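Trainee: Each of the two chains sits in its own frame; use the hints to bring them together as a complex.
Sequence lines, in order, name chains A and B.
Here the numbering used here is used: the first residue of the first sequence is 1, the next is one more, and so on.
Here the numbering used here is used: the first residue of the second sequence is 412, the next is one more, and so on.
It should be emphasised that the hints constitute simulated quantities derived from the structure, not laboratory data.
If you're wondering where the values come from, they're calculated on a predicted model, not measured in any experiment.
Glycine residues also receive a C-beta, built at the ideal position from the N, C-alpha and C atoms.
Treat each hint with caution, since some may be false.
Said to hold, decoys possible - Label-pair restraints from in silico Cβ distances: (1) A:Ile226 / B:Arg565: 46 to 54 angstroms; (2) A:Ile226 / B:Gly537: 21 to 29 angstroms; (3) A:Arg107 / B:Ser630: 29 to 37 angstroms; (4) B:Val502 / A:Arg401: 25 to 33 angstroms; (5) B:Glu544 / A:Ile158: 56 to 64 angstroms; (6) A:Ile226 / B:Ser630: 51 to 59 angstroms; (7) A:Ile158 / B:Gly537: 52 to 60 angstroms.
Unchecked claim - Residues of chain A clear of chain B, computed beta-carbon distances all greater than 10 angstroms: (8) Val20; (9) Asn56; (10) Gly59; (11) Arg74; (12) Arg107; (13) Ala108; (14) Cys123; (15) Phe129; (16) Leu196; (17) Thr232; (18) Leu256.
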Amino acid sequence: MSFIPVFVLILLWLALQGPVITAIVMNSLPDGALEGLDSGARQLIQAEISSIAAGNIFGTPEPWKMEAARQLVRLHDISVWALLAITLGLSGALVLFSRRRVSAEFRARHGVERIVSGLMIFCAVVAIFVTLGIIGSLLFETLKFFEKVPFTKFLFGINWEPQIPIREGQVAAAGAFGWVPVILGTMVITVVALVLAVPVGLMSAIYLNEFAPKWFRATAKPLLEILAGVPTVVYGFFAILVVAPVIRDFGQSLGLDVSPNTALAAGGVMGVMLIPFISSFADDALSAVPQALREGALGLGATRAEMMTTVLFPAAIPGIVGGVLLAVSRAIGETMIVVMAAGLMAKMTINPLESVTTVTVQIVTLLIGDTSFDNPKTLAAFALGMMLFIVTLVINVFALRIVRKYREAYD
Amino acid sequence: MNDMRKVERDVDAREVKISARDCQVWYGDNHAIKDVNVDIEEKTVTAFIGPSGCGKSTFLRCLNRMNDMIDNCRIEGTITLDGQDIYDPRVDPVQLRAKVGMVFQKPNPFPKSIYDNIAYGPRIHGLARGKAELDEIVEKSLRRGAIWDEVKDRLDAPGTGLSGGQQQRLCIARAIATQPEVLLMDEPCSALDPIATAQVEELIDELRKDYSVVIVTHSMQQAARVSHKTAFFHLGNLVEYGETGQIFTNPRDPRTESYITGRIG
Ligand SMILES: Nc1ncnc2c1ncn2[C@@H]1O[C@H](COP(=O)(O)OP(=O)(O)OP(=O)(O)O)[C@@H](O)[C@H]1O
Ligand SMILES: [Mg+2]
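Chain B extracted, bound-state conformation (with noise of 0.2 angstroms):
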């Protein structure tokens, strides 16, 4: 599989964007992480793999602080952003979200126009100065969400009109136009079809010039195209982190052959 990737995989270490630190997630009684330490580089793509409910999403949202709102979350540990603890009672959500992008699971357009959708952020952090300049930012980031030909003549049409992977594209697209340093995409092709899917991957391979991409897939062959670093995670723990070229062709853990080569997951 190695000649069907799109990264360059340079062997430096670069500068870590994020570090967690003996990592530990409670919902409840539920231990949905255990003990997870982790590097994420800058400029780097890092890939998040492992079965269903490995806690993959929760260990996700914990770099921005999305557990905050569910109620009988409780995390440990700590994780930091630039060498600033993000849970330090002096660090804002809000800002902190600013920074760090999010794209869920499961499309979740605002019940606004797709121009709206678009501006949404810009709009409440008030990145553009003037309707031409929000006007640009719109177009910029639906072509990079690879949507806007779909979507060019409707701008005005409601975004939960679309279909579920023009949905995902236009979260896609309304996360980059917040311009954050980091994006978290959780599965962000579940819903695509080949081509919107080698659009998107196309697209975090540009943006990893500029930002750190954290994503969330379960496919080991998009795991192995886009991305630099791959994190294996199972039943909360993270079982293996490095070289994702290292992890798909010489697997250190056993559990972890056994996921790539299909046998447990």
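Isolated chain A, as found in the complex (with noise of 0.2 angstroms):
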């Protein structure tokens, strides 16, 4: 343990040593060198000075460039050393003094039981600041986009054309950004996606909770949480190498028109990948029904069909609609699977069968490809990036708020 100064040290050393010997050098350059030059100019001739230093010499440079390559050198391997010399010293200190410290009376424990609870904080700190540090950043550039883009023509507009020209001179839409056709095809997708999910995953969860043999559980819950475990590219490209073109051959097989992306067939895979989810919070919402109620029921002569309608059920639909609600705002986040086959236009169409775009596709395709962070094109990105995050912000809470109500029912 009496190393744990030492190392941290040598961390810290290692990580600011770099940034304060150019400080130092950049300083000592000659008076005049970086007169009149802009920051990318003092950054060019750093990293031509580090790599004389590294010894990759280009042409001829100035005197005063080896000059300060030299320095660079030299201050290194001073640092180097003075570490060296630091580490050893304070490590044998470190020792003596531990080994006066540990008596019969030194309880080790507190301190370490210390240092492991700062660690702790320390990482509850980090994922509460970097949290902070996402919405941030969101925020800023979101309202950025809105001093572009008046809100209401993003929040009410009809049209979504954000091919807008980067550079002068380039061919492009005149740009639109209404975000109702990208929201109602997420929401189509979305739909799509519980409609078959929900059914399944309940009945799933009824049959495993109410009716299976144990064996059959036993083998049944392990399979379906497999399926919560396959990756969403995976899923991906069965929608589009496998159900897209079943689809759409049996459309046209009935005379309708199917176009080769479908929200259907994006949004079904979609339910495929969360069945196991609503599955598994009808388990436990209903596995957290006492067996004292169940028996009451049927103790007073109710058939297993009554006791389910009237007292499992509505005494586990709390936590049943919780677990759709989180179903609800992984579906609307969901990337992987729309990307690969859900389309790219976006249409104001409820048509399950035609192909719409989701919010999530366009935030990727936005911030694909020619990018510059001062035109709406990406800015929107943010935009509704920060959309989906306040959308799938209040469901969640709305579903935890849920699932915690009916937690305490029995508690």
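Mentor: This is the structure:
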């Protein structure tokens, strides 16, 4: 344990030595060398000095650059030797110190516990700050977007054509940033996914909980959980390579006009992804209902079906609803499947046989390729991300509320 | 203790309502009930007594097939109700349980209103025609369960919000509302204060005019007060079964005597 401080010192030293040495070197450059240069040019000079120091000399650099490079190398050597000396000295001192401290009365556990709890607090704080940072940057860019595109046009506009010219002379559409068709696409796909996942997930949970023999439950549950572990990319190409063609062929055989990328295929495959999610939540909710309640109902002469509809479901429904809402927010935020299987064109339609696009797909396409962070096309991605964040946050808070409330009912 | 007794114990044999022959119950490898033979008579209160874990609840649950619900539970022997084997595949356990009601060891009100708790049985069995009749059944059951005065102003409040003792009386009232022929009560008074206990005992005494009542109890006094017949269980065996007066004053088996006098248990 006594080496922890030494270790921390080494880490800090290695992290800080580079910037500190560079700063010293840059400051000791001859007067006038940096005069009138902007930060980009300064960085260029700095990089040149570093590469000379590393032995990569191109052409004949000015003598003051060579001098600076030599200084850089010297400082670096000094730093390494100093680190070595300090490390050895400190370890020796610490070993001596801890030798002295070790005695019958010394309670090492208190110290260790303090260090460990400090570490845990540190991790928690890091997580919180990272989250705050993400929200902050999202908010910042979103506000920048709304300086260029009015908020109402974004919120109520029914045209989404973000391919505006980035550079002058580029040929592109005029640009329109109404998010309604995009969120509508997300909603269509989510609804399709839920229409599949909720009944199937619920039924399987009921079967596993109330009817299945023990051995079946013991094998089926892990299998369902495997379904939850399939990477979404795999679901994605399952959707384009298998499901979409089947739907298209089937639709055409009925004389329907089906586009190659249908909301039905993307949503259906997403529904399959959500089945284990919903069934595990419903399973938890059902098994949380005390056995005594079931016996109470059956003891009064209720059939199993009556017991389920009159006692089990009213008691379990809040938990089930909570699980479904969490599934909704996952469906809304799901990206990979829709990037692969849904379309790119925003359309005002609720027909699941047409191609629709989703918020997540649009974010991905907006940020791919030519980007510069001061035009509305790129900033729109942040606005969409912000809206997505708000929608899923509201749903999650709502869902967790419900789940928690029902937990209290029996504890 | 004879002076405290509530029931006239006439010695005439009555008709047999439930009869168990060579009944065996296993939970996995645990042989919980061994060779139990017993005849439970009509319009009688029968008490099951015995030390904790001796199988009283297990046997009681066999009488309305509540053990069907437990996966590793296995039952052998025959149990008949009115001469009909209740484990016959043709018997519907649902209908059996409507006839043989049960009050459980732990109160288990549904997370519904007090009114809906009581109305549960009558509703699923269609015992009431119209709201007025249902109201009447609910009130009558709550009165008989000795809880009407405490809940009459809050029939819409959830049953789970009542105290433990009130919940138990609610469950008794709920079981009566279904109008069973036999009422099985597993320690119905373990959570009740003396006043409520007296009221429940009053109720049991009234019920036996129409029904058979089987009651599991840890209180010797209660068994002596309310029952006509007493069965003493020990380690899964039915050790002794007979007139309550005889069991308590003149037990034949030394184990019964030690239990009653407080030496085992
Ligand atoms: N669901 C069950 N699964 C497995 N074993 C059980 C189960 N219920 C009871 N047993 C076992 O059966 C035996 C009898 O239990 P039972 O509940 O019938 O006792 P009891 O006489 O009612 O006791 P008490 O007076 O404490 O309620 C005990 O050994 C118990 O461990
Ligand atoms: Mg018991």
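Trainee: Holds or violated: is the Cβ of Thr232 of chain A farther than 10 angstroms from all Cβ atoms of chain B?
Mentor: holds (38 angstroms)
Trainee: The output says Leu196 of chain A does not contact chain B. Does that hold with a beta carbon cutoff of 10 angstroms?
Mentor: Leu196 of chain A is indeed farther than 10 angstroms from all Cβ atoms of chain B, at 31 angstroms.
Trainee: Does the claim that Gly59 of chain A lies outside the interface with chain B hold up, using a Cβ gap greater than 10 angstroms?
Mentor: Correct as stated: the minimum Cβ-Cβ distance to chain B is 84 angstroms, above 10 angstroms.
Trainee: Indicate whether the distance between the beta carbons of Val502 of chain B and Arg401 of chain A respects the range 25 to 33 angstroms.
Mentor: violated (46 angstroms)
Trainee: Minimum C-beta separation from Leu256 of chain A to chain B exceeding 10 angstroms: can you confirm that?
Mentor: holds (46 angstroms)
Trainee: Is it true that Arg107 of chain A and Ser630 of chain B lie within 29 to 37 angstroms of each other by Cβ?
Mentor: About 53 angstroms separates the Cβ atoms of Arg107 of chain A and Ser630 of chain B, which means 29 to 37 angstroms is violated.
Trainee: Could you tell me whether the CB distance from Glu544 of chain B to Ile158 of chain A stays inside 56 to 64 angstroms?
Mentor: Cβ of Glu544 of chain B to Cβ of Ile158 of chain A: about 58 angstroms, so the range 56 to 64 angstroms holds.
Trainee: Evaluate the given range 46 to 54 angstroms for the C-beta pair formed by Ile226 of chain A and Arg565 of chain B.
Mentor: holds (50 angstroms)
Trainee: Can we trust that Asn56 of chain A is non-interface, i.e. its beta-carbon lies farther than 10 angstroms from all of chain B?
Mentor: holds (75 angstroms)
Trainee: A range of 52 to 60 angstroms was offered for this pair. Does it hold for the Cβ distance of Ile158 of chain A and Gly537 of chain B?
Mentor: holds (55 angstroms)
Trainee: Is Ala108 of chain A truly not at the interface, in the sense that its beta carbon sits beyond 10 angstroms from all beta carbons of chain B?
Mentor: holds (47 angstroms)
Trainee: Against chain B, does Val20 of chain A hold up as non-interface, every C-beta pair farther apart than 10 angstroms?
Mentor: holds (66 angstroms)
Of the hints listed earlier, those the structure fails to meet are numbers 2, 3 and 4, in rising order.
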